[in-house]
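Next come the chains, spelled out residue by residue.
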Amino acid sequence: MLGTRFPIHNKRLVGLLILLIFSLLIVSCGGTTQESTSEDVAQPAEAETSGSAEVESAEEPSAPAVDGGTLRVAMQPIVNIDPIAISSDSEVLVANHVYDYLIDIDAQSKIVPRLATKWSTADGGLTYVFQLADGVKWHDGSDFSAADVVWTFERLRSTEGTPTADLYNNIASIEQTGDLEVTFKLSEPNSFFLYDLSDNHALILKEGTEDAHTNFNGTGPFKVENYSPEDRISLVANEDYFIEGQPKLDGIDIIFFNDDSAAVDALTGGQIDLAMRMPTALFQTLEETPGIRTFSIPTNGFDLVRLRSDREPGNNPLVIQALKLATDREAIFNVVQQGYGALGNDTPIGPLYGDYFDPSIAPLERDVETARALLADAGYDENNPLSLTLHTPDTGGRPDLAAVLKEQWAEAGVEIEISVEPESVYYGDDGWLEVDLGITGWGSRPYPQFYLDTMLVSDAKWNESHFSDEEFDQLAAEAAKTLDDGRRVSLYRQMERILVDRGPILVPYFFAQFAAINDQFTGLDLKAFAGRTDLREVGLSGS
Amino acid sequence: MTVTQSSSPANSGVAPGRGRRLLSSFRVLFDRPVTAFGTSIFLLFLFLAVAGPWLAPYGSNEQIYSDARQPPSLAHWFGTDQLGRDVFSRILYGSREVLFEAGLGTLMALFLGMTLGLIAGYRRGWIDELLMRFFDSLLALPALLLALLLLGTIGRSRYSVLIVIVIVYTPIIARVARSVVLSVREKAFVEAAQIQGESSLHIMFREILPSVMPALTVEGALRFSYAIFLVASLGFLGVGVQPPSPNWGLLVSEARPHAAQLPWSLFFPAAAIALVVIGVNLMADGIKRILMGER
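In order, the protein sequences belong to chains H and Z. Residue 355 in our numbering is what sits at position 355 of the first sequence, and the numbering runs on without skipping anything. Residue 85 in our numbering is what sits at position 85 of the second sequence, and the numbering runs on without skipping anything.
Chain H extracted, bound-state conformation (with noise of 0.2 Å):
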């Protein structure tokens, strides 16, 4: 009975480690053509941490689009498609070339004209007035006018349980002024109200849509022509679009697929044509591959390392200096980000929101033996070791930050245990918003008020790390309501300071957004967030 049972398991077993040792032989096999890259070690370390988003593209496109092909670009999978309910990259491309947003934002953060012509404020910021553009036609046929932009707002801030419900509680009243004209009041001024404008979800809908699920009518440069669910969704040209001369191509599709890498896959096989989702080492791969042109700009989110200021350890201001001397941001962003993105110095308000950012406040020296004093000062050596458990979620270049941090931690004398967490853990009860030390990855915001507002004021929704400094609470608060810029400029360059030399967080690197794309294509301009890029004035290279 014993002397059957051992041979099969032993067959299976054997069997399946053959398995093993095969797959991985493959998978080895495979990567060994690219070995080149990986030899020059963290290449562009002398990172661009310029305000502008610049392009790593290695030549510049020459030859100005010309019109026409149909452009296949790799997306997640979308779920929803009514623009109050937006979220991700895929879902918002396709509403954003369906639809059109009232103002629009451009790949430098900077508010642009798009059915609002032009505009003007008064009554110190309480009131601001759009003029629309003329000759705008829905896909249906019918006339675009700002009864429409009336109802899709009324809309966005009434339907309970939105983040626009929050976003616009501050708007009084919106009213139609003219056939063109719309005027919205505020109850309190808001220096950002135009970037709120702007939100994903503030697609203009037209006035009475029943169902936007199943409904494509916007007024944007592509109609929809065809949509199946989990395989694609196919977009072609609007022939009457407002803006003369866009969109450039005949149609956009957009492919959904689960996963990145069969994405770059596709790309590298001619399948598709744009990516804009892939890991550090694909895109890297990607770089050397001919007739693929490749985009690498710095964005505005990060990963915030935070400790919670309002008990023991993190309560002593010693402690929150020490672990911030004790930290190496530049090897920390060469090593886990590879140089890609921006190097970070513990404030949200990075180097790409332009004068907002200070660059005379120096990144701070690493010096281990102070932080080691400090810690000596705080009650904290070698008997009585300062430990703590490094809370982070299980995605992104996270637990490399951890196991960094650790090792950097650790010549000072702290002691890390790292909990590497799902998502779902980190993020539910007792997770982020309790624990002591953990890492939390925050997306990119056109505008940094939203960081403060949410994260770091006092009562901030999601005050992780428990910060509560009346002076800056005092300047937060400022900044969101003053309109002067200049003023604005000063108070964020003081919060910065406030964060850099006080605040419980380290903020080691801004993330990079990359995309690909076939260079029989031209004139991509890729925004931090992804889903945001405009495609209108893509089109087939020239030559």
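The hints are simulated quantities; they were obtained by calculation from the structure and are not laboratory data. All the pointers check out, no bait thrown in.
Result set (EDC-like, lysine to aspartate or glutamate): computed pairs, CA atoms no more than 20 Å apart in a straight line:
1. H:185 to H:196
2. H:185 to H:175
3. H:118 to H:106
4. H:406 to Z:67
5. H:406 to Z:62
6. H:461 to H:471
Please arrange chain Z on chain H, whose structure you already have, making use of the hints.
Just chain Z now, kept in the frame of chain H:
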């Protein structure tokens, strides 16, 4: 071969020439080329597990940023990973972790399974019924699934993986022990001991156990190879241990996103898992052939 005699259950109450028997059974491990191969691999890794930290040229989480992403070279035999950690050193440190957890877990499961199997098989009755039905219900679940369930329940630490190995493998070992006990308890020498008025404990552990030992040795060796695989699998799934532990499974899982560019950081830990599991398995096979009288 002198060995066949040593493994016969009949003479196991007394132990003449125990040392010589141990030596000869050790020699058996090198008897056939395949077994010798397996045993050598196992002994090599055992040596690495013990001496690894002294042999390793770098620390297990030592990060040399300037050496990150290097292919195998003289300075880094197995290359370095994305954070500049020496893959060879991490595998050396990892061998201690993997072999220690798998080995200790298997030993504990062997001891517990053996005891419960002896009791169930010798006592029979309700205790047998209760234990076996309970074990059946545990065995109904695939080992990895059971391990994941348990880890979800008891939380994660070095000891939780040990506990999981014990809980997963005890039922299997207990069943093997019990099945042998069931046939042995009818033998004349057991009856003789009962007539002599020996205590149940004495009969179970002095009379019956020696006959169960060969089957348990084989089962234990096999379970050991499965336990190594389980420890690595749990590390790979990220539930057993936390980074920066050098658990081989965790090394494979961490290297996976970088497979195209740093294939060595994936290949070597995977090869270490495969090699040690095959080695232990071949060795177990050899033990079985000898002890179970197969050739």
